[in-house]
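Peer 1: Spelled out, the chains give:
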Amino acid sequence: MQLQQMYQEIILDHYKNPHGRGLREPYDAESFQVNPTCGDEVTLRVRLAGDTVEDVSYEGQGCSISQASTSVLTDLVVGRGVADALSTMDAFVELMQGRGQVEPDEDVLEDGIAFAGVAKYPARVKCALLGWMAFKDALARTGGQA
Amino acid sequence: MQLQQMYQEIILDHYKNPHGRGLREPYDAESFQVNPTCGDEVTLRVRLAGDTVEDVSYEGQGCSISQASTSVLTDLVVGRGVADALSTMDAFVELMQGRGQVEPDEDVLEDGIAFAGVAKYPARVKCALLGWMAFKDALARTGGQA
Amino acid sequence: MTALTAPLDVAALRADFPILGRTVRDGKRLVYLDSGATSQRPRQVLDAEREFLERHNAAVHRGAHQLAEEATDAYESARARIAAFVGVTPDEVVFTKNATEGINLVAYAMGNAATAGPESARFVLGPGDEIVVTEMEHHANLVPWQQLAQRTGATLRWFGVTDDGRLDLSDLDALVTERTRLVAFTHQSNVLGTVNPVAALVARAQAVGALTVLDACQSVPHAPVDLAALGVDFAVFSGHKMLGPSGIGVLYGRRELLGSMPPFLTGGSMIEMVEMARSTFAPPPQRFEAGVPMTSQAVGLGAAVDYLNAVGMDRVAEHEHALTVAALAGLAEIPGVRVLGPGLDAAGDVADRGGAVSFVIDGVHPHDAGQVLDDEGVAVRVGHHCAWPLHRRLAVPASVRASFYLYNDLGDIAALLDGVRAAQRFFGVA
Amino acid sequence: MTALTAPLDVAALRADFPILGRTVRDGKRLVYLDSGATSQRPRQVLDAEREFLERHNAAVHRGAHQLAEEATDAYESARARIAAFVGVTPDEVVFTKNATEGINLVAYAMGNAATAGPESARFVLGPGDEIVVTEMEHHANLVPWQQLAQRTGATLRWFGVTDDGRLDLSDLDALVTERTRLVAFTHQSNVLGTVNPVAALVARAQAVGALTVLDACQSVPHAPVDLAALGVDFAVFSGHKMLGPSGIGVLYGRRELLGSMPPFLTGGSMIEMVEMARSTFAPPPQRFEAGVPMTSQAVGLGAAVDYLNAVGMDRVAEHEHALTVAALAGLAEIPGVRVLGPGLDAAGDVADRGGAVSFVIDGVHPHDAGQVLDDEGVAVRVGHHCAWPLHRRLAVPASVRASFYLYNDLGDIAALLDGVRAAQRFFGVA
Ligand SMILES: Cc1ncc(COP(=O)(O)O)c(C=O)c1O
Ligand SMILES: Cc1ncc(COP(=O)(O)O)c(C=O)c1O
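Line order of the protein sequences matches chains A, B, C and D.
Quick note: the first sequence, position 15, residue 15 per the numbering used here, numbers continuous.
Quick note: the second sequence, position 6, residue 1006 per the numbering used here, numbers continuous.
Quick note: the third sequence, position 1, residue 2001 per the numbering used here, numbers continuous.
Quick note: the fourth sequence, position 345, residue 3345 per the numbering used here, numbers continuous.
The reader is advised that the hints may include incorrect statements.
Cut-off 30 Å, straight-line C-alpha distance, at most; resulting in silico cross-link-like pairs (DSSO-like, lysine-lysine) [said to hold, decoys possible]:
1) Lys2028/C with Lys120/A
2) Lys120/A with Lys16/A
3) Lys1120/B with Lys1016/B
4) Lys136/A with Lys120/A
5) Lys126/A with Lys16/A
6) Lys1016/B with Lys1126/B
7) Lys2028/C with Lys126/A
8) Lys1126/B with Lys3028/D
9) Lys16/A with Lys136/A
10) Lys1136/B with Lys1126/B
11) Lys136/A with Lys126/A
12) Lys3028/D with Lys1120/B
Read the hints as simulated data drawn from the structure, not as lab findings.
Looking at chain A on its own, in the form it has when it is part of the complex (with noise of 0.2 Å):
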């Protein structure tokens, strides 16, 4: 059974528990993404103060691996600089694009290692990545205020 590789405890964990959701004001800017596979979507909110991203806040429907990556994302990105969130973002999207040949590095990614597994099945890359694509639009979207 491989399936365990891929669904990490810490993935399940994200899933059932999610952090930070909820869609809050207020918020700078806002970004809808859709996985035109399957339907699945999900709404985030960005909050700056200054050059720090105050709050994600999100709602959506999606698989396990959507759910949990974006709960991961909340974690690894509210309260950091915008420049150090967009570089964890990298990381996080080098290591889904790895094909599981990239070595994650725990104290960038923290929880996000536990998707390691999840880059070896390519058809599920696109779930573990729709919430950062939300983030990364919406980032881009409250334009001259970063």
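Could you slot chains B, C and D with the ligands onto chain A? The hints should help.
Peer 2: Below, chains B, C and D with the ligands alone, put in the same frame as chain A:
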């Protein structure tokens, strides 16, 4: 060398000395036909006298097969009744589409039996039928007069 | 249902399909339940295509040498056999790259009618005209009509779907009216399995003078279909869903319609005469086959049709019916599983329903369920299966779909059911 | 011309092509000189496609099971290798069924721009706008533009051809003006062999802000081609002319253009979101690949590109050049034979000319000449080769065309020349 089977002496004779060639007046209807793959073309005129094909005149460019078969056509239909001409045409079309399996009737097709070998080369059947299609079309265009 | 004929010898059939012998995910037997997306190919089809390519390959309808003759014969013989398979004549069969292209062909040709000659007048659409589709269509039979409506100013309307996954025909006469120019609908739903009442739809369309387009992608591979007897004006299906190659599909059009319809793709082999400023076009089917066609693929599809004929489409349909009934019965016994589309009746049977069984599992997202099934070697499809509006109608974002074909057996159904239970256990909902 | 590299070992290459081992017309060795119409396939390509179908076949981009993963990987890996083969990136490569579809795709997308969003504005055409083509185009790169002009009210104009078969660029600046929206031209003529001056045409088109569409059907198979370096906006070529399967072609489009161009064929797999009344679309290349694609054919074309890379496109081009020079020299020695297109210069060489050699024989109709050649086992093409206006310009109704590829050798050229002489004898003109 299977070539002789296709290019019977009769065909080569008609090719070199076509019967009835040239466009003549008066005529009741004219048809222009073209072979879309090679650009060969024929313009053919029909003159009826009552129910009889009084004259068939034609002009065009094409390979030995299309030229010879139009020449044979004039021999077979000029001076005949329209119904007669059409049934000769049917016999010729049947021969040409028979893939070499149809035994031609010399009483009906006269020199036309020389085309039996052409029927084995499907790509050339259209050549052999070019003039006949023009004849059929021109006859149809004579409309009420026939 | 009583078997009318000898049942299929599935074990013998499976031996014809090399891929079914392979294993997946660390040695699991492959249980392929995704034929609704694409079917597998028997050796006979692969061999036919290879034999053509190693012996007879040439450009068809373009050359006078021996190979070109042989290739043209093979291509046209395939067309004739495929036409016969669905009860129509060869000149009514146009080869396309897939069913999607076939539907687009009709939609674009109708769009082109506005600037084509008077003989195409009956295809012209404009504001005030209506196109009617259904809420259960595959995107392939929906988006092209949305786009045609957008380009021409025509209005798109649609039949709804009932809670049990049937077409809601209660407003048939209000929906299909004198304003309707075209009714496009699926023969068999790729999600629900529902077989639609073609006769009723065709009768109404004919009564108002509307054209009909049948999406036969999920019917022609799985049951005997006589398109001429159904009376539709156009129909499409794909080779890859019926044991044939990818890259080839069929558009059927009634002779007189194809004869007066303007071309779609233009280029070589579809012309009558070309000058720099203008061109005229060949009669159908050539008019609709621009460029070098899918030659070896037509040969492969011809071999697929021969294979299906040898098995017998009646027997294929009966076999799949038995599998469907078994799957529906098995899923009904698993708490927390809901099947989309018609379920079994009191007698434990179901009518007008083919072998696509889509379902949702409470508490397990379809993607996650699919992953567990995959881990067990069971290949199903998850998502909205290119029928997003239907899923929205049924209030689910996505579903798991198992779809059957002649090479599946009851052991495959058992594996599916086991996998569903395993998914429930894994995600702690059972 | 001095060989820069080791010459091809044609005998070894020929062993890879099963069909070249067969005989025709009562035991004659097959001399295949019709690769300009369609090429033959090496075993490596046939094997790659079969291996895919026996091991990894599934619907791509649609499933989450192992086969679907493997199939998607094989499909996208093929795209990447094919893109690299012509110097572009994978997201700039759209798979079509043939080159003809690729040209139609651009033409229809431009037509659709009128009713699409503002981001497509640069593709909108109307009265007063001009499309420029050439008199030497294959119908595939002429008729779609005629039709687009007819649909939009734009005007079609064209470059003429000189007596020696070159593009007449003397009126370049008068023909390509601020009114010009698009210039479509062939890289290498399928009749004349002429290689056109892409740089000059692209420079002028860019100067006036016109889009360029390159028909690379006869260049990409026969010589190294770097589409990005050529600077064209769009280009098309076909798999079947480059050792690959039929049923697959490529449209290259510059990233920013594909990104803002409206879709053409619509349906599954090319959408972002679908509702009953409206849809939005995926980014390229998916936006332009509706329906289940030509999966195994992409794999086959990937293998063809691998094969050509292993041989080396420089060597392919050199080899064909040598054959072309030999054919031109040989035909020049036969009285009554006239070659269409560039002939040998005083030094016995010819520049900017590929391996399609078309000719006419005084007193022998091309169809009849082709028949005699066929009888000798020599497969050539006769007719207008889908370039009817060009033949009209050269004042011949039709011609005989011999076209060469890497598997031809000087023995094949000798057979051609012998066949031409035999045709003259048979018809009593020599
Ligand atoms: C120059 C040229 N353009 C376009 C085409 C059309 O290619 P296809 O028929 O594969 O679409 C061909 C070949 O037939 C060609 O030689
Ligand atoms: C009902 C239905 N219609 C249309 C299609 C589209 O077929 P293709 O993708 O082969 O064009 C499919 C399959 O994907 C289908 O199931």
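Peer 1: Against each hint, give a clear statement of whether it holds in the structure.
Peer 2: Evaluated hints:
1. The hinted pair formed by Lys2028/C and Lys120/A meets the criterion: a straight-line CA distance of about 18 Å does not exceed 30 Å.
2. Restraint check for Lys120/A and Lys16/A: satisfied, since their Cα atoms lie roughly 23 Å apart, inside the 30 Å limit.
3. For the suggested pair Lys1120/B and Lys1016/B, the alpha carbons sit about 23 Å apart, so the restraint of at most 30 Å is met.
4. Only pairs whose Cα atoms come within 30 Å are accepted, and Lys136/A paired with Lys120/A is accepted, the gap being roughly 23 Å.
5. With a C-alpha separation of about 20 Å, the suggested pairing of Lys126/A with Lys16/A holds against the 30 Å cut-off.
6. The suggested pairing of Lys1016/B with Lys1126/B holds, with an alpha-carbon distance near 20 Å, which does not exceed 30 Å.
7. Distance hint between Lys2028/C and Lys126/A is fulfilled; the C-alpha atoms sit about 26 Å from each other, no more than 30 Å.
8. At most 30 Å may separate the alpha-carbon atoms for a hinted pair to count; Lys1126/B and Lys3028/D meet this at roughly 26 Å.
9. At most 30 Å may separate the alpha-carbon atoms for a hinted pair to count; Lys16/A and Lys136/A meet this at roughly 25 Å.
10. As the CA atoms of Lys1136/B and Lys1126/B are separated by approximately 14 Å, the hinted pair is consistent with the 30 Å bound.
11. Proposed proximity of Lys136/A and Lys126/A is supported: the alpha carbons are some 14 Å apart, at most 30 Å.
12. Using a Cα cut-off of 30 Å, the hinted pair Lys3028/D and Lys1120/B holds, with the two alpha carbons roughly 18 Å apart.
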